[in-house]
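Throw the hints in and build the complete structure from the sequences for me.
In order, the protein sequence lines correspond to chains A and B.
Residue 171 in the numbering used here sits at position 171 of the first sequence; the count goes up by one each step and never skips.
Residue 274 in the numbering used here sits at position 274 of the second sequence; the count goes up by one each step and never skips.
Quick caveat, the hints were computed from the structure, so don't treat them as lab data.
Since the structure is predicted, the reported quantities are computational estimates derived from the model, not experimental observations.
In the DSS-like style, the derived pairs of lysine-lysine whose C-alpha atoms are separated by at most 30 Å in a straight line are: (1) Lys155/A x Lys46/B; (2) Lys97/B x Lys191/B; (3) Lys46/B x Lys151/A; (4) Lys46/B x Lys65/B.
Some chain B residues close to chain A (C-beta under 10 Å, calculated; not the full set): (5) Val38; (6) Gly124; (7) Phe189.
Where a beta carbon is used, it is the ideal one built from N, C-alpha and C, also for glycine.
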Amino acid sequence: MTDQAILPRPTLGGAPARARRSRWVEHSILPGFGVSLGITLAYLGAIVVLPLIALAIRPWELGLEGVWHALAAPRVAAALRLSFGLSALAALLNAPLGILIAWTLTRYDFLGRRVLDALVDLPFALPTAVAGIALTAIYAPTGPLGALAAKIGIKTAYSPLGIFIALVFIGLPFVVRALQPVLQDLDREVEEAATTLGANSLQRAVMVILPALAPSLVSGVSLAFARAVGEYGSVVFIAGNLPGKTEIAPLLIVIKLEQYDYAGAAAIGLAMVAISFGSLILINLLQLFLARRGKP
Amino acid sequence: MTVEARPISKTRLPGLAALLVLASAIVMAVLVLAPLFVVFGDAFSKGFSKYLASIRDPDAVAAVKLTLLVAAIAVPLNALFGIAAAWCIAKFEFRGKSALLTLIDLPFSMSPVVSGLVWVLLFGAQGWFGTWLIDHDVKIIFATTGLVLATILVTFPFVARELIPLMQDQGADEEAAALTLGASGLTAFWKITLPNIRWALLYGVLLCNARAMGEFGAVSVVSGHIRGLTTTLPLHVEVLYNDYDFVGAFAAASLLASLGLVTLVLKTTLEWRHAGELSANRRH
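So this is what it looks like as structure tokens:
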């Protein structure tokens, strides 16, 4: 490694012998740049880049038309619509729920606040398959909440509503954790000033607090959305998995693989990555816009 | 969150405050806490002896062992990578750093199923290297190697994401001082860098391990669900559940839920005790 050469006698200031590297790397007297970057690139290449190249290339052996047919097939199109639609709805419901919980956790002191705070991470900590069968047990027609809903004629498990509930569960921590630091740092003097100027609590919430929260709210909601789109374990048990009705896109990838339709599976996988990536770019733009507007 | 910032308890609307706290508690209880109770409730629904029998079942024991094995390979590898990546990204200035950061983050935004799919595309029977592997009698998909690869990809960023921001904050001054005083690079790393990042490293390893042991979607794709051979504990839960062995499924799930709870307690303890030594944007 080139940087080993200067190891024994590190000198402060210039190191003319290393000038040839300086176009890419700024000079530092610390050793190990070559080794650590080498390990990083090799590992990243083998674990992330090579597999993603396979994902990007495999669908096209069907040809452009073949990929289009694979994605536009009614069953696939329905699964993509369901996954992205329900994920968006679930992420949107996470916004008010997340504001509520983040607000109470940061603004009020009450018995059990710390426990409640720690429990927010439970959907992260609980393995998805565990959450999946537990949610199904609760919302199945024989389960406690499922039976309750069935009484008023609402089908929860094995319906899109069941998928929706699982996606709300999995997305909630993202929104709460995005909002908490902002609510904690929010300058209370601004709120007090608004009150002094005659704003009531509703006006204060809508015109002072919400604009300050908006950028982090958008980022929390978009993280919840991204997670929900790809979610498998917590959804697949409660979904019912009826083709065209309650079949999510990740499940369809699994089914295509079981039929040894690698290219078809890769096409759905690539489409999911592309749509997620596209929506994240849109969300980033929205966030930039909101952050600029939030500034006085 | 942070310990120092105590919430403000004085509010002009105590009635409203009580109402909001109650509403939050109800949302959390119904949405988040209920599944946890159901897992343990259903696991013990047929009595303790039935629970014990489910846990001691040879397939369950094999699943636990496989889960531990996969995590024991995947977590240290990702931890080593995390340290290497954090070292070059935080201590040096070079071109292409932000592209590198984006690539490291990428597995977080991939569906677990896609994280399994990509390995099948490479090493499956009809994958790029499929024929070669069959010719040389190497099994990756539907074998432990595939489970390890899928787990590594899913848990790839955990340690790196924890260490990079922290080490960027800490800078390279202390190590540079040690080197100037004649310490070797390795000494500087062992005596300065590692003690500085130990709690963050533990935090990252903790989250990485929890995800590695609990991962379902990615390993489901590469496993083939061969009972007692390629079923990790989460897959064992699925197999039993689909066989209508609900007590068995929830008993196995209770082990995973306990893992989640222990992780949560340790993680919260680390956040309370060592908040200053963890990176600021640790949530993802």
